Amino acid sequence: MSDKIVHPKCGSPLHKRNVDLYSWHGETRIKIERYFCKVAASTRGNIIQFIILSRHFFNRIFQNDFIAYEEEMKAKTISLLVLSASFFGYISHRFLFLYSIGIKDVSISWVDKCYLMSLFMLVIGFIAVLEWENLFPDSRDYFNLICLPINIKTILASKFVSLCMFIGIFAFGINATAITVFMWYLSEWQSTSIFLGIKFILAHLISFGLAAYFVFFILFLLIGILKAILGSRLFGRISVYIKSALLTGCAFLIGLLFMKSAYTSYFFKLFYVAKELYDPFVYIYPPLWFTGVYEFLIGNEDYYFASLSSIAVLAIVLSFFLCIFVLEFNFRLHLLKTEESSSRITVLNKVKRVFFNIFNAIFLRKPIQRAIFHFIRLTLKSSNLHRIRLASFISLSVGIILILLVHQSDAQVRSSEFNRVLLIIPHILSFFLIIGIKAVMKIPVFLEANWIFRITEAKDKQHYFIGTRKAIFFLLLVPLHLLLFVIYSFFWGISISLYHCFFSLAISFLLMEGLFYQYRKIAFTCSYLPGQEKLQFFWLFYLAGFFMYVISVSWIESILLANQEGFIPFYGFMFLIYLFARIYQKFILNRYINIKYEEFPIPVMQSLNQEA
Amino acid sequence: MLELRGITKRYNFFPAVNKVSFAVKPGEILGYLGPNRAGKTTTIKMLAGLLKPSSGEILYKGKNIKKNHQEYKKRVGYVPEEPEIYPHLSAYDYLLMVGRLRLLREKELKRKIEQFIKLFGLSLDMHSPISAYSKGMVQKVLISSALLHSPDILLLDEPLSGLDVETSLVINDLVKKLRDEGKIIFYCSHILEVVEKLCSRVIIIYKGQIVADDSVENLRDLMKLPSLVDIFNQLVVHEDTAGIAEEIVKAMK
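One line per chain: the protein sequences are G and F, in this order.
The numbering of the first sequence is the working numbering, which starts it at 191 and goes up by one.
The numbering of the second sequence is the working numbering, which starts it at 6 and goes up by one.
Calculated from the structure, these hints are not laboratory results.
Careful: at least some of the hints might be erroneous.
Cβ-to-Cβ under 8 angstroms is the rule here; a few derived chain F residues that face chain G [to be verified]: (1) 53; (2) 54; (3) 91; (4) 92; (5) 103; (6) 106; (7) 254; (8) 257.
Result set (DSS-like, lysine-lysine): computed pairs, CA atoms no more than 25 angstroms apart in a straight line [unchecked claim]: (9) F:112 - G:540; (10) F:112 - F:79; (11) G:649 - F:112.
Calculated from the model, a selection of chain F residues having no Cβ within reach of chain G, i.e. all distances over 10 angstroms [as the list claims (entries may be wrong)]: (12) 26; (13) 64; (14) 81; (15) 141; (16) 172; (17) 177; (18) 224; (19) 228.
Model, not experiment: these values are computed from the prediction.
The beta carbon of each residue, even a glycine, is placed where N, CA and C say it ideally should be.
Given these sequences and hints, build the entire structure.
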């Protein structure tokens, strides 16, 4: 019989040996053959789809609006990886160097390794939280992929694998330098054994890799559980705040570990004691589990590390399967529903309407101011991108404040020093809020739709900018200071906190007026070219400006608080400055202004010397 | 009267609209037709004030609109072809914003919005974000936003796009009523049957230049063709459409 016989049912060519099957009588054999042909064809198809989708989802991870606008992400990711690798390599050197210059590592370096593992897991956590939105398939994935002949399991698996690849790349990238440091300082390198070196490298890769995946799986579980409990709509609204809180927490803890304050040193020294006393406390700290994996893999025969590695493996396997379950559950629960419109006018909406009617009548008497104010309000309320960007500025200020507070309590300074820190907190917060909103307003929301502003542009353009400033003042600065007033009342009583918050509000109002003095755009409607701030060149000046502002303002306030009658002439003087600036703006600066709807790149060369 | 005199618009030296001149009287519906990339949307955007002509002038009531652009824009209502509208706003919020930007009084504005929303059947969805709307619903919002301030000039670029039959008939009747009110209506559409019934005069533009400018009856008589579709085919369609359709089917297989 020829080798070129084709199967009568599925048409694939049959090998000679398969043809012999036909010597069996029975449809059953043919049915089984047909089934395996189909399975083979569909498996091959699924594998191809899986590979294509994994690549697609992996590339999508680099469209992160938090870090970079549009296509800069890949370049920024590489820079971030290089920075992280250098940072982690340096930290590893700082803590492990002593083991290379005389202190023998007789199973004592594990606490330092645990410290480094904690830092590493926090960094991975920070990166994973930055990719928060990409962890679950979204409606774009649903609408684009669900109508294609792709198994849902293939979609979910490829999404999961793409995220694992991303985390794996980051975990490896961050450890690129640290691997060498660990191996060089800890492996008794004098033995010149290449196998020992390889053992250390593998132990490092495996333990740190497992730690990275554990952090990723836990975060994945957290988001999945929150989505399942809260529902996708409520989760969508509050996720930016949860994300910001997590990012701030991670950044704060990283800063704390990096500075290695008295608290952190004390905390890590406890592990020595706890291990000696067989305290169960040591088994509940996750970085210690993966430190155990490292110790176990390099051949440490202490039973303690073997038990820690077992816990690590169990945790990884359990979290992995829970993630799979949560992923599928969420996808089916949320994305297979059609989108429902919320047209019900609830009691809350009615109250909001009444409130805004009164507010408009008092503070927004001009229709254009009203239009701009509410456009900004609704955009900030609905646009995730803008909220995330604003939240990142706020998180930065909160992180700075937390570090200042910890530093103060660490140094056990007098309460007056602590009070000085409390004094500058509102100024730090409002400074970052104002520069944050100015940066965020540069990013357009659906740029193509700005035609409505162009065709309705009124003669008296100053109302557009007044509306913008009123939006910043009433939507951001006033709520911030109301919150601070409540908090400060617990520390200083109502009277002092009222003086303090009112002063801070007035100063931040002037800061806002200054920063928006020559603002010529309608928020969210102008095209945006990132990089025009040239942060990499001017960061020092911005930093100096920030410190000068905070220090000088808090110095003025401390003088006024000591002599409270001084507030009235001070506010009078500030009001005169404001009035003068307003008059100058109205009659001279704003007389002939055009609203900007388009940014142009700054020319590299101003002129060409044609005679040369 | 709205008049265009020698209007040209160049993009990188390429004239998208080349020395176009015509006038539209109050109480007239002018149909503006042409194949893709003929210059229709460019012309309409210049009339709306979104683009500046490279040369030529646009006159309204005998005055160059450049001299008093604000006043001219107050008289114009524009319905764009692409439904580019802020998706995060609801219909109510969007119309409220547009009305405020047009300096309408708050009470009157809210009354008008509620009526438009009711008449266009958007009451159930008026507080939902526009991102959740169908194409037809977005189009209704755009038409409402163009009519809020009772404009004298209406620029309609594919106004029936995405609309159901009933609403399309309402819009057609609305356009006729507005014509009877003495409005100037500039109507761009690819639906030639509608243009033929609605418009007293048509201009056909091809590669940025006017190739026909007359009433439908006169054009039929002149070219001895029974319908606007045939006139359009004769003047601007230079491809074998049946042949192209056959090639597409072959490529599909």
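Comparing the hints with the structure gives:
1. A cut of 8 angstroms between beta carbons decides the hint on residue 53 (chain F): the least distance to chain G is about 6 angstroms, and the hint holds.
2. Of the supplied interface hints, the one on residue 54 (chain F) holds, with its beta-carbon coming within about 6 angstroms of a beta-carbon of chain G, less than 8 angstroms.
3. Because the closest C-beta pair between residue 91 (chain F) and chain G is about 5 angstroms apart, less than 8 angstroms, the hint holds.
4. Annotation: residue 92 (chain F) was flagged as interfacial toward chain G, and the flag holds, the nearest CB pair being 6 angstroms apart, inside 8 angstroms.
5. Given hint, residue 103 (chain F) at the interface with chain G, holds; its Cβ is 6 angstroms from that chain's nearest Cβ, closer than 8 angstroms.
6. With its C-beta approaching chain G no nearer than about 4 angstroms, residue 106 (chain F) sits inside the 8 angstroms limit, and its interface hint holds.
7. The beta carbon of residue 254 (chain F) is not positioned within 8 angstroms of any beta carbon in chain G (closest approach about 23 angstroms), and the interface hint is therefore violated.
8. About 18 angstroms separates the beta-carbon of residue 257 (chain F) from the nearest beta-carbon of chain G, more than 8 angstroms, and the hint is not met.
9. With a C-alpha separation of about 17 angstroms, the suggested pairing of residue 112 (chain F) with residue 540 (chain G) holds against the 25 angstroms cut-off.
10. Pair hint residue 112 (chain F) plus residue 79 (chain F) holds up; C-alpha atoms about 19 angstroms apart against a cutoff of 25 angstroms.
11. Pair hint residue 649 (chain G) plus residue 112 (chain F) holds up; C-alpha atoms about 23 angstroms apart against a cutoff of 25 angstroms.
12. Distance check on residue 26 (chain F): its Cβ is at least 23 angstroms (rounded) from any Cβ of chain G, clearing the 10 angstroms threshold; non-interface status holds.
13. At the 10 angstroms boundary, the C-beta of residue 64 (chain F) stays outside the reach of chain G, the nearest C-beta of that chain being 18 angstroms off.
14. A beta-carbon of chain G is positioned within 10 angstroms of the beta-carbon of residue 81 (chain F); the least distance is around 7 angstroms.
15. Distance check on residue 141 (chain F): its Cβ is at least 15 angstroms (rounded) from any Cβ of chain G, clearing the 10 angstroms threshold; non-interface status holds.
16. For residue 172 (chain F), the requirement that its beta carbon stay farther than 10 angstroms from each beta carbon of chain G is met, with the minimum near 19 angstroms.
17. Annotated as non-interface, residue 177 (chain F) keeps its C-beta farther than 10 angstroms from every C-beta of chain G; the closest such distance is 24 angstroms.
18. Even its closest Cβ contact with chain G, about 32 angstroms, leaves residue 224 (chain F) beyond 10 angstroms, as expected for a residue assigned away from the interface.
19. Once the 10 angstroms rule is applied to beta carbons, residue 228 (chain F) is consistent with being away from chain G; the minimum gap is 37 angstroms.
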